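Colleague: Quick one: dock chain against chain with the hints and give me the complex.
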Amino acid sequence: RKEVEQDPGPFNVPEGATVAFNCTYSNSASQSFFWYRQDCRKEPKLLMSVYSSGNEDGRFTAQLNRASQYISLLIRDSKLSDSATYLCVVNQGNNDMRFGAGTRLTVKP
Amino acid sequence: EPEVTQTPSHQVTQMGQEVILRCVPISNHLYFYWYRQILGQKVEFLVSFYNNEISEKSEIFDDQFSVERPDGSNFTLKIRSTKLEDSAMYFCASSGDLGEQFFGPGTRLTVL
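Respectively, the protein sequence lines represent chains U and X.
Here the working numbering runs 5 ahead of the position in the first sequence, where the first position is 1.
Here the working numbering runs 73 ahead of the position in the second sequence, where the first position is 1.
Here chain X stands alone, though its shape is the one from the complex (with noise of 0.2 Å):
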């Protein structure tokens, strides 16, 4: 069965470096997001991209985060500058027409 896959499953870093959070969505899918997930607290819509363009961002998404898609099968998420706040479980998702959306296991991001 096709599934997203996401690398790393776990990052350390200190705070104000940049990291880059990978994502290979199902390969037949067109749509793809982000969300994060602060241990205890609910799944936060981040990004979603579609035609290879942002389709829509949440209030979430400020100029420290990008995404894109570099090839046929990457989808990155990179935070230039991160804060401890950023400290959370990143889950990439994939969907087709319908909408529902596949989740990958998620990176958890530890930032020092």
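Isolated chain U (complex conformation) (with noise of 0.2 Å):
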């Protein structure tokens, strides 16, 4: 079983539509937890650290479930701009970063 799973898509979706992203982990160890985004060719980005009582940034809601070892990411009102690849990290403790392969999203005009 992977460490850090998610679907990979591509997610093809209209501005202004809400979209979902899910990601699952192994190890239930794992201590903190994060959503990143990469565009094409270039480094992750901080998108926002998920907490046990979820957290919001603006239109990104982030939700975590330890008893199913579950995140999840949710963007409305998609613009074209969040168009990249979402990436679900894992800290499975001391520091150890596990990346999942990541969810392509395009939104479209």
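If you're looking for bench data, these hints aren't it; they were derived computationally from the structure.
Just so it is clear, the structure is predicted and the values come from calculations on it, not from any experiment.
Each hint should be verified, as a subset may be incorrect.
Here are some chain X residues the structure puts well away from chain U; computed CB gaps all over 12 Å [said to hold, decoys possible]:
1. V85
2. N101
3. S139
4. I152
5. Q174
Straight-line C-alpha distance at most 27 Å; calculated DSS-like pairs for lysine-lysine [to be verified]:
6. U/K84 x X/K156
7. X/K156 x U/K47
8. U/K113 x X/K115
9. X/K156 x U/K7
10. X/K130 x U/K50
11. U/K50 x X/K151
12. U/K47 x X/K115
13. X/K151 x U/K47
14. X/K115 x U/K84
15. X/K130 x X/K115
16. U/K7 x X/K130
17. U/K50 x X/K115
18. X/K130 x U/K47
Backbone N, C-alpha and C define an ideal beta-carbon position, used for all residues, glycine too.
Modeller: Below, the structure written as structure tokens:
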């Protein structure tokens, strides 16, 4: 079983749509969780941390379910500039950081 | 805004040669990381570093790899004897206590 699994997509959505990405992780001792976005041939950029209580940053909402070992990211009112690959990142402990393969999103006019 | 920098942006080397990839983390960060990303594949964790020693390393980080923080600002990754399959983008990252990592722009390593 992969350490961090994501649906690779691609997700093709129109502007203004709401889209949700899921991520599961295998190591139950994992301590912290993050969403990053990566544009083509660029470095990953932090989108948001994921907290147990769930957290929101503008159009973005992240959720964590420790019991199910599941993380989600919801993007509301998609913009063209949201087109990117979204990476789920899990700290398995002691800063052993594992990335999912990413979910590709394309937002179309 | 502080940022992580990496040099060189592109390194071409012959198989069997040693390469050193350099990174300058954000100045008040205490945790440092190296990752690689083979073209078209996912980002792979290599190593994390804290308090002048390795915290954790992955199965990829074998004896061919080493890291060093030679002074107060630089963080380096050395590959002793490069192989064709080492060709990839290598990203350095640093973080503070919250674990939120900031990545450098990467060094593209091409092994011929």
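Colleague: None of the hints should be skipped; say for each whether it holds.
Modeller: For each hint, the structure was consulted:
1. V85: Non-interface label stands for X/V85: nearest chain U Cβ at 17 Å, farther than 12 Å.
2. N101: holds, 16 Å
3. S139: holds, 18 Å
4. I152: holds, 20 Å
5. Q174: Contrary to the label, X/Q174 does not stay out of reach of chain U, its closest Cβ about 7 Å off (not over 12 Å).
6. U/K84 x X/K156: violated, 42 Å
7. X/K156 x U/K47: holds, 24 Å
8. U/K113 x X/K115: holds, 24 Å
9. X/K156 x U/K7: holds, 26 Å
10. X/K130 x U/K50: holds, 22 Å
11. U/K50 x X/K151: holds, 25 Å
12. U/K47 x X/K115: Judged against 27 Å, a Cα distance of about 13 Å means the pair holds.
13. X/K151 x U/K47: holds, 22 Å
14. X/K115 x U/K84: Holds, at about 24 Å.
15. X/K130 x X/K115: holds, 17 Å
16. U/K7 x X/K130: Status holds; Cα separation ~17 Å.
17. U/K50 x X/K115: holds, 14 Å
18. X/K130 x U/K47: holds, 24 Å
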